[in-house]
Amino acid sequence: MKFSPNKTVRLIVLLLIIFISNPQITLACENEEPPDPFATDVLDFLKVSPYEIFLKANDHYANGEYEEAIRDYLDVIRLDHKALNSLYNITCCYAMLGKDTLAATSLMSSFQAGNVDIYRAQNEEQFENVRESEYFKATLDSIIGWFDEKEANAGQLEFFATPVQMTYRLHLPENYDSTKTYPLLIGLHGWGDKADNFASLWQSMTEKDFIYAVPAAPYQFQPGPRVGYSWVDWSKGEISAQRTQQLSLHYLTSLTTRLQEKYNPSSTYVMGFSQGAFFSYYLGIINPDIYDGIIPFGGELHREELSDEMIAKAKDDLRVFIIHGNQDQVVEFKGGTEAYELLLKYGYDVTMNEFDGGHSIDMALLNKALDWMEDTSGK
Numbered sequence: 135m136k137f138s139p140n141k142t143v144r145l146i147v148l149l150l151i152i153f154i155s156n157p158q159i160t161l162a163c164e165n166e167e168p169p170d171p172f173a174t175d176v177l178d179f180l181k182v183s184p185y186e187i188f189l190k191a192n193d194h195y196a197n198g199e200y201e202e203a204i205r206d207y208l209d210v211i212r213l214d215h216k217a218l219n220s221l222y223n224i225t226c227c228y229a230m231l232g233k234d235t236l237a238a239t240s241l242m243s244s245f246q247a248g249n250v251d252i253y254r255a256q257n258e259e260q261f262e263n264v265r266e267s268e269y270f271k272a273t274l275d276s277i278i279g280w281f282d283e284k285e286a287n288a289g290q291l292e293f294f295a296t297p298v299q300m301t302y303r304l305h306l307p308e309n310y311d312s313t314k315t316y317p318l319l320i321g322l323h324g325w326g327d328k329a330d331n332f333a334s335l336w337q338s339m340t341e342k343d344f345i346y347a348v349p350a351a352p353y354q355f356q357p358g359p360r361v362g363y364s365w366v367d368w369s370k371g372e373i374s375a376q377r378t379q380q381l382s383l384h385y386l387t388s389l390t391t392r393l394q395e396k397y398n399p400s401s402t403y404v405m406g407f408s409q410g411a412f413f414s415y416y417l418g419i420i421n422p423d424i425y426d427g428i429i430p431f432g433g434e435l436h437r438e439e440l441s442d443e444m445i446a447k448a449k450d451d452l453r454v455f456i457i458h459g460n461q462d463q464v465v466e467f468k469g470g471t472e473a474y475e476l477l478l479k480y481g482y483d484v485t486m487n488e489f490d491g492g493h494s495i496d497m498a499l500l501n502k503a504l505d506w507m508e509d510t511s512g513k
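According to our numbering, the sequence shown holds residues 135 to 513 in order.
These are computed hints drawn from the structure, not numbers from a lab.
Below, a list of computed lysine to any residue pairs in the SDA-like style, where the Cα atoms sit at most 20 Å apart: (1) Lys468 with Glu439; (2) Lys216 with Phe355; (3) Lys284 with Ile252; (4) Lys216 with Asp251; (5) Lys190 with Asp490; (6) Lys449 with Pro422; (7) Lys468 with Glu488.
Derived CB-CB ranges, DEER-like: (8) Asn460 with Asn287: 49 to 57 Å; (9) Gln246 with Glu199: 22 to 30 Å; (10) Ala286 with Glu466: 36 to 44 Å; (11) His215 with Glu285: 23 to 31 Å; (12) Gln256 with Leu189: 22 to 30 Å; (13) Glu285 with Asp509: 48 to 56 Å; (14) Ala247 with Pro352: 22 to 30 Å; (15) Asn287 with Ala173: 43 to 51 Å; (16) Glu475 with Val361: 31 to 39 Å; (17) Trp506 with Leu389: 17 to 25 Å; (18) Ser338 with Phe293: 35 to 43 Å; (19) Asn287 with Trp506: 49 to 57 Å; (20) Phe293 with Arg437: 24 to 32 Å.
The C-beta atom is built at its ideal place from N, Cα and C for all residues, glycine as well.
Put together the whole structure using the sequences plus the hints.
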């Protein structure tokens, strides 16, 4: 779609109508008294954690409490005007509520603030309630037109892969003895998280007679007030997503074999949460010669990406310990049960573990999974 002056004029008129008809979207700080620079509590606002508010907003959003989520996302934005995902999520909330003019305004604001994920906006399921609205459609069309013009001016986008230096966090057992063998556990964090956070689970693990390695996902983005990482880059469209998924799989298998060469583990397992859980399924099923078992937490198995032959081939060599919260609103509980039923049908040694909770890691079941892992003697 080409950018045109007529669409620009149309958009400006529509946005003027939006702002005139919705005066409540003005910044709250316009009506606030300036702070006293010499007050002893002048920096107390720094004690407020935008990230904690963002997580609370996400909970409201996942539960369909869109008005409450908007309030919390707005609080995040007041503390961090560049909180791009909060701006975008406000658009989703307004769209789910059928507020087309406010959805159009917040969508434009997110891209003006630096959002570059036009692919996501074009395909966002949450926009269905407002997608045909004149206000919203004109806004989205103009954003797409601006991106088309920008891409045309920048030249054709091509992809290539090259080796880069990556990092991982490593925990060794207390009193580690290099003459002994230990199980190796690879931990894969979820979308928007960091290796450092997932590695810190070590502190809550009761039995630590194994090696725990947590690689960093390669693709940085900002899902909220903090920078996060993903195993797949969707920002440049479907082709980029497919390529980066395969590159991440290659990176993870390469790291695993390197760790196996260095530590000679008695067995090797992959534990993944959410997006990391999907990768744990994929890694284990396509590499049963490398991995002895997988522990998917709050994730689903993308059946369409694995052939019958791939799934059948791994059934005798791969043990599976699935954990999923029965109130998960991010990856539905049926994602875990469907994976369990599929693998059971193929004859896998698979265990399904349910807990009362949402999209989170239940530490009691995590420690149960670690006991299950350490029960193996390797292949």
